[in-house]
Structure formats: C-alpha cells, structure tokens
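Colleague: Taken in sequence, the protein lines are chains A and B.
For the first sequence, full-length UniProt numbering gives the first residue as 1, with consecutive numbering after it.
For the second sequence, full-length UniProt numbering gives the first residue as 1, with consecutive numbering after it.
Check the hints yourself; a few may be wrong.
[Claimed, not checked] 27 Å max Cα-Cα, derived DSS-like pairs, lysine-lysine:
no.	chain 1	residue 1	chain 2	residue 2
1	A	K42	B	K69
2	A	K147	B	K7
3	B	K154	B	K42
4	B	K4	A	K147
5	B	K136	B	K7
6	A	K4	B	K7
7	B	K47	A	K147
8	B	K69	A	K4
9	A	K7	B	K147
10	B	K42	A	K93
11	A	K79	B	K42
12	B	K136	A	K98
13	A	K154	B	K147
14	B	K147	B	K93
15	B	K42	A	K69
16	A	K42	B	K79
17	B	K47	A	K93
18	B	K132	A	K7
19	A	K47	B	K7
20	B	K42	A	K47
21	A	K69	B	K79
22	B	K93	A	K79
23	B	K126	B	K42
24	A	K7	B	K136
25	A	K4	B	K132
26	B	K7	A	K136
27	A	K47	B	K136
28	A	K79	B	K69
29	B	K136	A	K132
30	B	K79	A	K132
31	B	K93	A	K42
32	B	K132	A	K47
33	B	K4	A	K47
34	B	K132	A	K93
Treat the hints as calculated values from the structure; they're not laboratory data.
2 protein chains.
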Amino acid sequence: MIGKHTKSILLENQDSFLIAAENVATVLCSHPAEHALLVLSKVGYNKIPVLDSSDRLVGLISLANIVDKMVDLNGFNSKVLDGLNVADVMEDKIPSLKPENDLEDALHLLVGVSFLPVVDENDIFKGIVTRKEVLKSVNHLVHEAEKRYEFIPKTDEIKEGINT
Amino acid sequence: MIGKHTKSILLENQDSFLIAAENVATVLCSHPAEHALLVLSKVGYNKIPVLDSSDRLVGLISLANIVDKMVDLNGFNSKVLDGLNVADVMEDKIPSLKPENDLEDALHLLVGVSFLPVVDENDIFKGIVTRKEVLKSVNHLVHEAEKRYEFIPKTDEIKEGINT
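Could you put together the complete structure from these sequences and hints?
Modeller: Structure below.
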C-alpha cells in the first residue's frame with residue numbers, strides 16, 4: 001500500500017495524469033494498416049490506441065508491429081501491407097486502467113508499458129496515462145516530501161502496532 | 001534537492017538502474033540505414049544508441065526516424081533508404097548522463113526521454129538508464145517510505161531553520 005502522505009503529494013498533479021482522448025492520436029481497427037503507418041510516422045508516438053467505430057478500445061498498434069510485418073527473408077517489402085487492416089496487425093492483449101483501478105495499479109502497470117489506455121465501465125476510450133506524466137509527479141514527490149515532513153524512523157514497536 | 005532518506009530508498013536498487021552496454025542493442029553510424037531498420041524491427045525497442053567505431057556515443061536512431069524518411073507524397077517508398085547510412089538518419093542532439101550527473105539530473109531528464117544513454121568522460125558508451133527501471137525504484141519508494149518513517153509535518157519554524 002502506498003503511504004497516505006506519499007500518495008497525497010503524488011496526486012497533487014493528478015489533473016495532468018490523464019491525457020484526454022481528444023488529445024490522443026488513435027486509429028480505427030477497420031483502417032488499412034498502411035494508414036496506421038502514415039499516422040504513426042507523423043505523430044511522433046511509437047504506439048497508439050486502436051478503437052472500434054463505437055470508441056471502444058480494442059488494441060494498440062506500433063511502428064514495430066507494422067515494420068515487423070514488412071520485413072521478410074528478402075529484406076524489406078511494403079507490398080505485404082496490401083489488404084491488411086489495423087485489426088490484422090495490432091496487439092489486442094493489452095493492459096488498461098479501468099474505473100476500479102487506482103494509483104497503485106497504475107504505478108505497477110507502468111513498469112511494463114510506457115503508457116496505459118484508460119477506459120470507462122463500457123470500455124469506451126477516455127485517454128492515456130503515461131510514464132512521462134507520472135515521472136513529473138515523482139520529481140515533485142522526491143523534492144517535496146522531506147521539505148514538508150520530518151522523516152522519523154519507526155521503531156519495531158510502532159511498526160508492529162501498525163501491522164496488527 | 002532530493003531529501004536524503006528519499007534518495008537513499010530510491011538508490012537501494014541502483015545496481016539495476018544501468019543496463020550495461022553489452023546488453024543494449026546498438027548500431028554503428030557507418031551502417032546502412034536499412035540495417036538499422038532490420039535491427040529495430042527485431043529487438044523490440046523503438047530507439048537505440050548509435051556508436052562510432054571507437055564505441056563513442058554519437059546519436060540515437062528510431063523506427064520513426066527511418067519510416068519518416070520513407071514516407072513521401074506518393075505514400076511509402078523503401079527505395080529512399082538506398083545509399084543512406086545510419087549517420088544520415090539519426091538524431092545527434094541527444095541528452096546523455098555523464099560522470100558528473102546524479103540521480104536528480106537523471107529524474108529530470110527522464111521526463112523528456114524514455115531512456116538516457118550513459119557515457120564516460122571520453123564519451124564511451126557505458127549503457128542506458130530507462131524510465132522503466134526508475135519506475136521500479138519509484139514503486140519501491142512509495143511503498144517503503146511510510147513503512148520505515150513516521151512523516152511528521154514540519155512547522156514553519158523548522159522549515160525556516162533548514163532554509164537558513
């Protein structure tokens with residue numbers, strides 16, 4: 001469990017944690033794969049969310065996913081993409097943050113991925129939480145914690161009292 | 001400045017902060033750009049360090065850097081890469097960690113980039129520090145700090161004493 005003072009400082013910037021859906025580049029799963037390649041090469045992100053026509057999150061697609069498809073034994077062949085849709089190339093087993101998840105879940109999941117899509121209870125895509133924004137809060141935390149609080153080592157007695 | 005107790009907990013995992021050069025995929029600046037594309041599509045990283053023949057860090061190259069070159073007004077054209085070397089496509093104005101930098105510098109720089117190349121005083125590439133590894137330490141910090149220490153709010157008097 002994250003300590004309450006620690007959590008409180010970390011969450012002081014929580015408004016900037018979520019990058020809202022309208023500010024995130026996405027593609028539709030029914031789009032041609034080559035369209036995703038063009039979007040990815042222009043937006044400056046390596047991986048973007050894939051939505052269905054009802055704005056539900058269905059996967060993520062990365063430059064690596066697409067380029068990997070294009071590399072065959074003879075080298076590099078962009079013809080391979082002809083006829084493929086985003087749904088054929090995307091990753092669909094992806095972690096996301098749901099309404100029941102909290103800061104602790106987000107911090108754990110972000111060890112494994114550089115950003116987390118956020119969805120509502122109907123899987124509608126709401127935005128992303130990124131390692132970058134969380135690291136801004138971490139910088140805030142590590143600079144503020146000992147300015148605001150005296151850190152007094154707990155004795156074993158106090159620790160036991162807390163654990164019981 | 002990062003508080004001393006905070007810093008001490010963050011640095012308990014510092015041995016895992018640096019991913020050593022021998023475990024990092026790199027390319028030579030004199031390699032063909034298409035070679036970098038093949039390496040990047042296989043290693044699972046979006047961006048890798050570029051070295052010269054003396055193991056000095058000279059830049060970073062990403063899938064986006066290469067794909068961006070290949071996209072022209074007519075769509076996607078891999079012929080554009082013919083005759084280009086890694087040095088022609090890489091980014092060469094990149095932040096890195098030098099021997100004089102500390103944890104505070106690393107945490108600040110990692111807000112802007114997903115990993116930092118580490119070099120010695122002669123610019124020889126020693127490895128990378130990643131947001132991922134730092135986030136592992138952050139998880140450790142936020143779970144441990146209030147287990148080990150009682151956080152006692154500082155009065156203004158104490159704060160002033162510290163600042164003078």
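Colleague: Each hint should be assessed against the structure and marked as holding or not.
Modeller: Hints, verified against the model:
For a cut-off of 27 Å, the pair hint linking A:K42 to B:K69 stands: about 11 Å separates their Cα positions. Between A:K147 and B:K7 the alpha-carbon distance is near 13 Å, which keeps this suggested pair within the 27 Å criterion. Restraint check for B:K154 and B:K42: not satisfied, since their Cα atoms lie roughly 52 Å apart, outside the 27 Å limit. Under the criterion of a C-alpha separation no larger than 27 Å, the hint pairing B:K4 with A:K147 is consistent with the structure, at around 11 Å.
For the suggested pair B:K136 and B:K7, the alpha carbons sit about 14 Å apart, so the restraint of at most 27 Å is met. Distance hint between A:K4 and B:K7 is fulfilled; the C-alpha atoms sit about 19 Å from each other, no more than 27 Å. A C-alpha spacing of about 37 Å is found between B:K47 and A:K147, which places the hinted pair above 27 Å, so the restraint is violated. Straight-line distance between C-alpha atoms of B:K69 and A:K4 comes to about 49 Å, which puts the hinted pair past the 27 Å bound.
For the hint pairing A:K7 with B:K147, the CA-to-CA distance comes to about 13 Å; that is within 27 Å, so the pair holds. Note on B:K42 and A:K93: the hinted pairing holds, with a Cα-Cα distance of about 20 Å set against a maximum of 27 Å. Proximity of A:K79 to B:K42 is assessed by CA-CA distance (about 19 Å); at most 27 Å being required, the pair is judged to hold. Taken as a hint, the B:K136 and A:K98 pair is honoured in the structure, with Cα atoms around 22 Å apart against an allowance of 27 Å.
Pair hint A:K154 plus B:K147 holds up; C-alpha atoms about 8 Å apart against a cutoff of 27 Å. Restraint check for B:K147 and B:K93: the C-alpha separation of about 42 Å exceeds 27 Å, so the hint is violated. Pair hint B:K42 plus A:K69 holds up; C-alpha atoms about 11 Å apart against a cutoff of 27 Å. Distance restraint check for A:K42 and B:K79: the Cα-Cα separation of roughly 19 Å lies within the 27 Å cut-off, and the hinted pair is therefore satisfied.
A hinted pair counts as satisfied when its Cα atoms are at most 27 Å apart, and B:K47 with A:K93 qualifies at roughly 23 Å. Distance check on the hinted pair: B:K132 and A:K7 sit about 20 Å apart at the alpha-carbon level, within 27 Å; holds. Simply put, A:K47 and B:K7 have alpha-carbon atoms about 32 Å apart, too far for the 27 Å limit, and the pair is violated. The straight-line distance between the Cα atoms of B:K42 and A:K47 is roughly 16 Å, inside the 27 Å bound, and the hint therefore holds.
Annotation: proposed proximity of A:K69 to B:K79 holds, straight-line Cα distance about 18 Å (limit 27 Å). The hinted pair formed by B:K93 and A:K79 fails the criterion: a straight-line CA distance of about 34 Å is larger than 27 Å. Between the alpha carbons of B:K126 and B:K42 the distance comes to roughly 22 Å, so the proposed pair stays at or under 27 Å and holds. Between A:K7 and B:K136, the direct Cα distance comes to roughly 16 Å. Compliance with the 27 Å bound is thereby established for this hinted pair.
Between A:K4 and B:K132 the alpha-carbon distance is near 24 Å, which keeps this suggested pair within the 27 Å criterion. A distance of roughly 16 Å separates the Cα atoms of B:K7 and A:K136; the hinted pair therefore holds under the 27 Å criterion. Between A:K47 and B:K136 the alpha-carbon distance is near 22 Å, which keeps this suggested pair within the 27 Å criterion. For the hint pairing A:K79 with B:K69, the CA-to-CA distance comes to about 18 Å; that is within 27 Å, so the pair holds.
Our distance criterion of 27 Å between C-alpha atoms is met by B:K136 and A:K132, whose separation comes to about 14 Å. At most 27 Å may separate the alpha-carbon atoms for a hinted pair to count; B:K79 and A:K132 exceed this at roughly 35 Å. Pair hint B:K93 plus A:K42 holds up; C-alpha atoms about 20 Å apart against a cutoff of 27 Å. For the suggested pair B:K132 and A:K47, the alpha carbons sit about 16 Å apart, so the restraint of at most 27 Å is met.
Between B:K4 and A:K47 the CA atoms are separated by roughly 37 Å; this puts the pair beyond 27 Å, and the hint is violated. At most 27 Å may separate the alpha-carbon atoms for a hinted pair to count; B:K132 and A:K93 meet this at roughly 20 Å.
Hints 3, 7, 8, 14, 19, 22, 30 and 33, counting from the list given before, are not met by this structure.
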